[in-house]
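Enquirer: Residue strings, one per chain:
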Amino acid sequence: MTLQFNDETFRGDYTYSNSSAAVRRFPFPFDRDSYMYSVNIEPHPGGPEGSPFEHAFDVDEHYVAEMRDRAITLAGDPLRCQSLPHMELAGWDLLELIMVSKARDYPALFSLARDGDRWHWTNRPLGIEQRFTFLDASTLPCGPMEYITRQAQGDFALLDAREGNLWMDAGMITSQADWSLDFDVGMNFFEWHAPVPKARGMGVFDKALKFLNAVTQEQSYRRLNWTMTVNPRLDTSPENYHKWGPEKRTVTPDNVGTKQFLRVELQSFWRLPRSNALAFPIRCYLASLADLCTQPKWGRRLHRVLRDLDPDLAEYKGFALNRAMIVDYLARHDDGAPTSPGIFPDR
Amino acid sequence: MTRPLLKVAAIETLSPLVKRFRFEDPEGAPLPVFSGGAHVTVEMADGDVLRRNSYSLISDPNDGSGYEIAVRREDRGRGGSRYLHEAVAEGDLLAVSPPANLFALDLRARRHVLIAGGIGITPFLSQLRQLDRAGQPWELHYAVRSRAEAAGLALLPESAHVHLHVSEEGSRMDIGAILDGQPLGTHVYACGPEGLIAAVADQAARLGWPAAAVHSEAFAAPPPGEAFEVVLAASGRSVAVGPRQSLLEALEAAGAEIDSSCRGGACGRCETAVTACEGRILHHDHWLSEAERAAQTRIMPCMSRFKGARLELDL
Ligand code: HEM
Ligand code: FES
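Going down the list, the sequences are from chains A and B.
Just so you know, we're using the working numbering here: the first sequence kicks off at 1 and counts up by one.
Just so you know, we're using the working numbering here: the second sequence kicks off at 1 and counts up by one.
Simulated from the structure, these hints should not be mistaken for laboratory data.
Treat the numbers as computed from the prediction; the structure is a model and nothing was measured.
Each residue gets a CB set at the ideal place from its N, CA and C atoms; glycine is no exception.
There may be inaccurate statements among the hints.
Stated by the list, open to error - Per the computed footprint, the stretches of chain B lying under chain A, defined by three or more beta-carbons under 8 Å from a beta-carbon of chain A, are:
#: 1; stretch: 80 to 93
#: 2; stretch: 222 to 230
#: 3; stretch: 257 to 270
Stated by the list, open to error - Here are the computed lysine to aspartate or glutamate pairs in the EDC-like style, where the Cα-Cα straight-line distance is at most 20 Å:
#: 4; chain 1: B; residue 1: LYS7; chain 2: B; residue 2: ASP46
#: 5; chain 1: B; residue 1: LYS7; chain 2: B; residue 2: ASP75
#: 6; chain 1: A; residue 1: LYS198; chain 2: A; residue 2: ASP308
#: 7; chain 1: A; residue 1: LYS297; chain 2: A; residue 2: GLU247
#: 8; chain 1: A; residue 1: LYS317; chain 2: A; residue 2: GLU218
#: 9; chain 1: A; residue 1: LYS210; chain 2: B; residue 2: GLU290
#: 10; chain 1: A; residue 1: LYS207; chain 2: B; residue 2: ASP174
#: 11; chain 1: A; residue 1: LYS198; chain 2: A; residue 2: ASP312
#: 12; chain 1: B; residue 1: LYS7; chain 2: B; residue 2: ASP92
#: 13; chain 1: A; residue 1: LYS210; chain 2: B; residue 2: ASP46
#: 14; chain 1: A; residue 1: LYS207; chain 2: A; residue 2: GLU163
#: 15; chain 1: B; residue 1: LYS19; chain 2: B; residue 2: GLU149
#: 16; chain 1: A; residue 1: LYS317; chain 2: A; residue 2: ASP184
#: 17; chain 1: B; residue 1: LYS307; chain 2: B; residue 2: GLU226
#: 18; chain 1: A; residue 1: LYS207; chain 2: B; residue 2: GLU149
#: 19; chain 1: B; residue 1: LYS19; chain 2: B; residue 2: ASP48
#: 20; chain 1: B; residue 1: LYS7; chain 2: B; residue 2: GLU43
#: 21; chain 1: B; residue 1: LYS19; chain 2: B; residue 2: ASP106
#: 22; chain 1: A; residue 1: LYS207; chain 2: B; residue 2: GLU43
#: 23; chain 1: A; residue 1: LYS297; chain 2: A; residue 2: ASP312
#: 24; chain 1: A; residue 1: LYS207; chain 2: B; residue 2: GLU290
#: 25; chain 1: A; residue 1: LYS210; chain 2: B; residue 2: ASP92
#: 26; chain 1: A; residue 1: LYS248; chain 2: A; residue 2: GLU315
#: 27; chain 1: A; residue 1: LYS297; chain 2: A; residue 2: ASP31
#: 28; chain 1: A; residue 1: LYS210; chain 2: B; residue 2: GLU149
#: 29; chain 1: A; residue 1: LYS210; chain 2: A; residue 2: GLU239
#: 30; chain 1: A; residue 1: LYS207; chain 2: B; residue 2: GLU90
Said to hold, decoys possible - Just a few of them, taken from the derived set where beta-carbon distance is under 7 Å, the chain B residues facing chain A:
#: 31; residue: SER167
#: 32; residue: ALA205
#: 33; residue: GLY208
#: 34; residue: PRO210
#: 35; residue: SER216
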């Protein structure tokens with residue numbers, strides 16, 4: 001597979017687009033015609049060839065542009081990347097995990113040569129070559145977590161495992177769905193999830209934490225989460241709400257198909273070997289309603305899910321304002337036919 | 001989950017009761033590195049019983065060339081340790097799980113005080129190496145009955161930070177004195193007999209240490225007990241659990257699919273729903289809450305047993 005990297009933007013003129021191949025491999029998050037919170041966790045990696053589930057860290061046509069967007073966000077706000085002092089070892093664990101995975105899964109794009117602690121990393125898409133000493137931060141231009149996550153799509157949280165809980169003690173967060181690392185840093189699993197409606201009462205978080213604490217290096221896992229975003233914007237942070245919040249008001253019945261995006265997070269869970277910390281990559285995928293409706297099954301299903309969604313969830317996910325317009329648009333793509341089980345499009 | 005088969009590369013007698021086992025990949029491939037305090041689960045086909053016991057790793061966490069464990073022979077236990085001592089030879093292949101950690105160091109600590117009783121020394125042996133590599137200050141206190149039984153001595157580094165307390169020689173460990181006057185930000189870790197763990201917790205509480213700075217190795221070996229029977233709800237089949245067998249082992253032997261990791265009641269993996277219970281579940285785990293125990297609707301088969309007329313599990 002030779003990847004063509006898009007020259008595109010996630011702000012300003014928003015030239016982001018999905019090729020038809022990217023649309024077909026989009027991680028559509030609904031396996032049925034309705035949605036409620038659940039502990040929807042399954043083993044990762046693993047999935048059909050070419051799907052975003054096939055490899056540990058999916059690299060797609062948006063890679064180079066996403067890394068450029070991350071650099072812009074960091075230049076404006078360095079606090080999007082934070083690591084408490086005791087998390088440096090976890091940063092090295094993450095660097096190793098990503099480098100080893102990418103070099104194995106995409107040998108044409110990345111390579112890693114290791115001679116004991118002397119490592120040589122090549123990232124061809126970004127034109128980076130780096131020789132460094134593993135576990136010696138003075139041999140990298142920045143800390144290990146920052147170094148590798150400037151070269152990996154998606155946000156990354158590193159959770160320290162203590163007292164039967166997980167603590168958000170490090171992260172690189174520049175493409176988040178309206179939450180703030182600077183606010184959450186140092187919090188535990190229940191504290192940072194406090195704003196989520198309904199789920200705690202349903203016992204979702206107690207079960208999820210028990211599950212995460214039992215994750216071993218033997219097997220990693222994933223879950224999909226989703227929300228809605230106006231314009232293909234990665235940086236929908238509370239810090240910059242003034243830049244993207246008002247854009248919700250620019251949606252009209254005429255442009256909703258191309259301006260309203262389904263935002264899917266492919267979240268995965270990895271026990272890190274040296275630090276015993278948990279890595280939580282949050283990979284963001286964006287597709288417009290119009291693009292999704294090119295797959296008839298998805299148009300039908302998305303219509304039913306959003307039409308019937310609990311109003312508290314629509315409010316929390318921030319699209320209550322435009323919900324009626326979105327549902328009207330999708331209704332035109334729903335002929336009432338039954339949908340097949342599972343998330344993948346029909347052939 | 002299918003476990004990789006590792007070769008027993010070396011067996012060494014450390015004391016009359018303790019042997020060291022070294023495992024390596026049969027092809028010499030590197031094994032996953034780990035964190036100090038981690039354990040592996042070793043699988044043993046002991047006659048018609050499949051035994052799985054968890055042991056702390058005692059080798060260097062950063063060294064993937066092999067895994068080492070120290071096993072104390074427990075003649076009154078369920079048999080796994082005796083099997084390792086008597087039936088396993090160098091060159092044998094055994095299934096060994098990848099490492100998991102339920103006794104990790106708190107890397108925020110300014111100083112680490114490690115307190116071991118007897119065979120409880122094992123998790124500290126890998127932790128010491130991690131602390132040395134990170135350049136973090138530590139001191140270790142190792143309490144044993146006699147020098148002859150102090151198997152860990154041969155494995156400990158020569159260091160002024162290692163303090164041996166031999167009760168036979170009258171140098172009993174004074175936990176209060178060890179903890180008193182430690183600088184703010186010190187964490188204490190205890191592993192050994194339950195009495196030792198409780199004493200460390202008591203002294204730390206008395207001296208006003210924050211609970212988060214006091215750690216102990218939670219998992220123990222499953223206790224033997226009286227034989228009992230359990231019914232699998234899906235098939236209605238009845239499975240007998242022998243006195244020296246854990247419920248988990250009996251279920252596995254009967255072919256039930258059941259997840260596990262620590263096999264010591266601490267990780268939560270084996271949690272199973274109880275569909276009927278006429279009698280009393282003997283909860284020996286550290287996982288379920290008091291309320292969950294009292295409800296008798298969940299059980300941790302790796303540790304817990306049953307006394308009564310009928311126990312039915314959602315399997
Ligand atoms: C350690 C890994 C995890 C991290 C770091 C994490 C982090 C977060 C954060 C920061 C939020 C946003 C909260 C806000 O509004 O400020 C969130 C939302 C949420 N999380 Fe997690 N989470 C993790 C694991 C899980 C797991 C395993 C579940 C399983 C059910 C889960 C379920 C949810 C749900 C349902 C929401 C609301 C999302 C929405 O409706 O858009 N999380 N999480
Ligand atoms: S296997 Fe860990 S609690 Fe039972």
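Enquirer: State for each hint whether it applies.
Expert: Okay, the hints, checked on the actual structure:
no.: 1; hint: 80 to 93; result: violated (count 0)
no.: 2; hint: 222 to 230; result: violated (count 0)
no.: 3; hint: 257 to 270; result: holds (count 4)
no.: 4; hint: LYS7(B) x ASP46(B); result: 17 Å, holds
no.: 5; hint: LYS7(B) x ASP75(B); result: 25 Å, violated
no.: 6; hint: LYS198(A) x ASP308(A); result: 16 Å, holds
no.: 7; hint: LYS297(A) x GLU247(A); result: 29 Å, violated
no.: 8; hint: LYS317(A) x GLU218(A); result: 34 Å, violated
no.: 9; hint: LYS210(A) x GLU290(B); result: 16 Å, holds
no.: 10; hint: LYS207(A) x ASP174(B); result: 41 Å, violated
no.: 11; hint: LYS198(A) x ASP312(A); result: 8 Å, holds
no.: 12; hint: LYS7(B) x ASP92(B); result: 6 Å, holds
no.: 13; hint: LYS210(A) x ASP46(B); result: 32 Å, violated
no.: 14; hint: LYS207(A) x GLU163(A); result: 16 Å, holds
no.: 15; hint: LYS19(B) x GLU149(B); result: 12 Å, holds
no.: 16; hint: LYS317(A) x ASP184(A); result: 18 Å, holds
no.: 17; hint: LYS307(B) x GLU226(B); result: 8 Å, holds
no.: 18; hint: LYS207(A) x GLU149(B); result: 43 Å, violated
no.: 19; hint: LYS19(B) x ASP48(B); result: 24 Å, violated
no.: 20; hint: LYS7(B) x GLU43(B); result: 12 Å, holds
no.: 21; hint: LYS19(B) x ASP106(B); result: 29 Å, violated
no.: 22; hint: LYS207(A) x GLU43(B); result: 29 Å, violated
no.: 23; hint: LYS297(A) x ASP312(A); result: 26 Å, violated
no.: 24; hint: LYS207(A) x GLU290(B); result: 16 Å, holds
no.: 25; hint: LYS210(A) x ASP92(B); result: 36 Å, violated
no.: 26; hint: LYS248(A) x GLU315(A); result: 13 Å, holds
no.: 27; hint: LYS297(A) x ASP31(A); result: 11 Å, holds
no.: 28; hint: LYS210(A) x GLU149(B); result: 38 Å, violated
no.: 29; hint: LYS210(A) x GLU239(A); result: 32 Å, violated
no.: 30; hint: LYS207(A) x GLU90(B); result: 43 Å, violated
no.: 31; hint: SER167; result: 32 Å, violated
no.: 32; hint: ALA205; result: 16 Å, violated
no.: 33; hint: GLY208; result: 18 Å, violated
no.: 34; hint: PRO210; result: 10 Å, violated
no.: 35; hint: SER216; result: 12 Å, violated
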